[in-house]
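Asks: Residue-level listing of the chains:
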Amino acid sequence: MTVPASRAAPHPVAASISAPGAAALAIRNLIKEYVRGQPVLKGISLTIAPNGITAIIGPSGTGKSTLIRCINRLVEPTSGEIVFEGRSLTLLSRRSLRVVRRLIGMVFQEYNLVERLTVIENVLSGRLGYVSPFKAWLRRFPPDDVTEAFSLLEAVGLADYAQQRADSLSGGQRQRVGIARALMQRPKLLLADEPTSSLDPKTSVEVMTLMQELTFERGIPTIVNIHNVDLARRFASRMVGLSGGAVVFDGPPEALSEDHLKQIYGGEDWLH
Amino acid sequence: MSAAPPALAHPRAFVPNWPVRLAWIVLALYLAYALSHLELTPARFLAGLEFGRNFLAKLFPPDFARWELLLKGLKESLEMAVLASALGIALSLPVSLLAARNLMPGWVTWPARMLMVVCRSFHPVIVAIVFVKAVGFGALAGILALTVASVGFLGKLFTEAIEEISLKQVEAVRATGAPFMSVIAYGVLPQVFARFIGFASYELDANLRNSTMVGIVGAGGIGGTLFAAFQRFDYDFVCAIIVSIIALIIAGEILTNSVKRVFRA
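Those sequence lines, one after another, are chains G and S. So for the first sequence, the working numbering puts the first residue at 1243; every next one is plus one. So for the second sequence, the working numbering puts the first residue at 474; every next one is plus one.
Here chain G stands alone, though its shape is the one from the complex (with noise of 0.2 Å):
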């Protein structure tokens, strides 16, 4: 078992003040307004360290899923800017955004895997972005990426599963797939929306070791949403709670006091 990188690495927030220009995203003043008026993200900034897992925390409805998906423009922001390898992904076209997006790796809630394609299938539909259309219906991946495909298969321990059919999978091996999805597209960023809300306690701390591991290996920075503070705390190098569209705690785990939760969730009688 390799040393967790969070634990190793120095805090990246930190780290990223000290090389101000080393940060692998950076988030100014995001507002996302489904309804006029009504804000869900009020001016949210961030800047994400090259490394490590940065954990969101935060009640339901907070926007945690909102300010994920804004980062890769599957919900379009209001205002505000997001800066991602040099460019400022909010004023992206629509053909520059997919080559962008190629470079952001998602794993989801509900794993969203396509149920009815194979798990080799589902792992190499993480290449779509550099496959031509023509090329990907008649499954003619070059041979390197199919090579890929069932290493990464065999990191997440599903290398006899390839030929079964995501819908054949229990939860966890499909969150495992869904990782490994996202890491066949060599991503610069992962993204992670509640990769552990429909999993149950043991699969839970599972996937997020595996996770953990895997972009740490691979040095690729990683959000998180998560329900979880116990988990959060355990694997994350950096806390971001979130509460009411706003960032109201940002710092190391060991610095989320009880005082701190309830600021973000609101309320103490849930924490005794």
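Simulated from the structure, these hints should not be mistaken for laboratory data. Check the hints yourself; a few may be wrong.
Covered by chain G, per the in silico footprint, the following chain S stretches (three or more residues, Cβ under 8 Å) [to be verified]:
hint : region
1    : 635-648
2    : 662-668
Here are some chain S residues the structure puts well away from chain G; computed CB gaps all over 10 Å [claimed, not checked]:
hint : residue
3    : 563
4    : 590
5    : 596
6    : 629
Cβ pair distances, simulated, as ranges [unchecked claim]:
hint : chain 1 : residue 1 : chain 2 : residue 2 : range
7    : S       : 666       : G       : 1337      : 26 to 32 Å
8    : G       : 1402      : S       : 731       : 30 to 36 Å
9    : G       : 1337      : S       : 735       : 38 to 44 Å
10   : G       : 1276      : S       : 579       : 16 to 22 Å
11   : G       : 1285      : S       : 735       : 55 to 61 Å
12   : G       : 1511      : S       : 488       : 36 to 42 Å
13   : S       : 487       : G       : 1409      : 37 to 43 Å
14   : G       : 1413      : S       : 728       : 37 to 43 Å
15   : S       : 599       : G       : 1402      : 54 to 60 Å
Note that the Cβ used here is the ideal one computed from N, Cα and C, for glycine as well.
Starting from the known structure of chain G, arrange chain S on it as the hints suggest.
Replies: Quick look at chain S alone, frame taken from chain G:
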């Protein structure tokens, strides 16, 4: 005291719905009116039975003496049905993708939907009459007529299937930066493929039945032979044709079932 009705301990579970009751009453009244208006008396019914008995007596036994003519018509009907189904499926796929409101903006879905409505507006026999006038007698007119009908129905069924897919799976494929056609190939089609096969085999079945009909207006197939036999009061040959059509439909049923089984991966 005892004369007063006991107070209900709970609210009524089944509240009478007067608008629905009224609708049932109106329906019953209309049925009674229609029956009396068309003079469907028991005497008329008995007279009809007498006609039927004579007709049945003339039908049997079926006469297969002109089996070559029969076989030629059946073969033509089968070919028309298969060709029209293939063409219809090929045209329905792009049209239904354009018409799906969860994938396309309104200005694209609207014309695609209009096209399908127009294709579905008329019975295949009426469309066949139009094509007979346009391209002349024969199988070509029949194939075109059946293709139009196929696009109308398959397009609608395919569109509905596409509109019911899980957009989460599509979102995941979009998030990889896949181009639009790859999103269709990996995010949309796998979700609807099994249902498409089911609908397509149903349409082949419908086309088989309709291909025995359009011949009546001169658009090829066994229908023309059937109509001619009727007009000559050649009832035992009519019976042979009807028996053959039933056999053809059963064969088609077996064929489409095996097609479905092959694709049920």
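Asks: Does each hint hold? Answer for all of them.
Replies: Evaluated hints:
no. : hint                         : result
1   : 635-648                      : holds (count 8)
2   : 662-668                      : holds (count 4)
3   : 563                          : holds, 16 Å
4   : 590                          : holds, 30 Å
5   : 596                          : holds, 36 Å
6   : 629                          : holds, 22 Å
7   : S/666 <-> G/1337: 26 to 32 Å : holds, 29 Å
8   : G/1402 <-> S/731: 30 to 36 Å : holds, 32 Å
9   : G/1337 <-> S/735: 38 to 44 Å : holds, 40 Å
10  : G/1276 <-> S/579: 16 to 22 Å : holds, 20 Å
11  : G/1285 <-> S/735: 55 to 61 Å : holds, 57 Å
12  : G/1511 <-> S/488: 36 to 42 Å : holds, 41 Å
13  : S/487 <-> G/1409: 37 to 43 Å : holds, 41 Å
14  : G/1413 <-> S/728: 37 to 43 Å : holds, 40 Å
15  : S/599 <-> G/1402: 54 to 60 Å : holds, 58 Å
Checked against the numbered hints given earlier, the structure satisfies every one of them.
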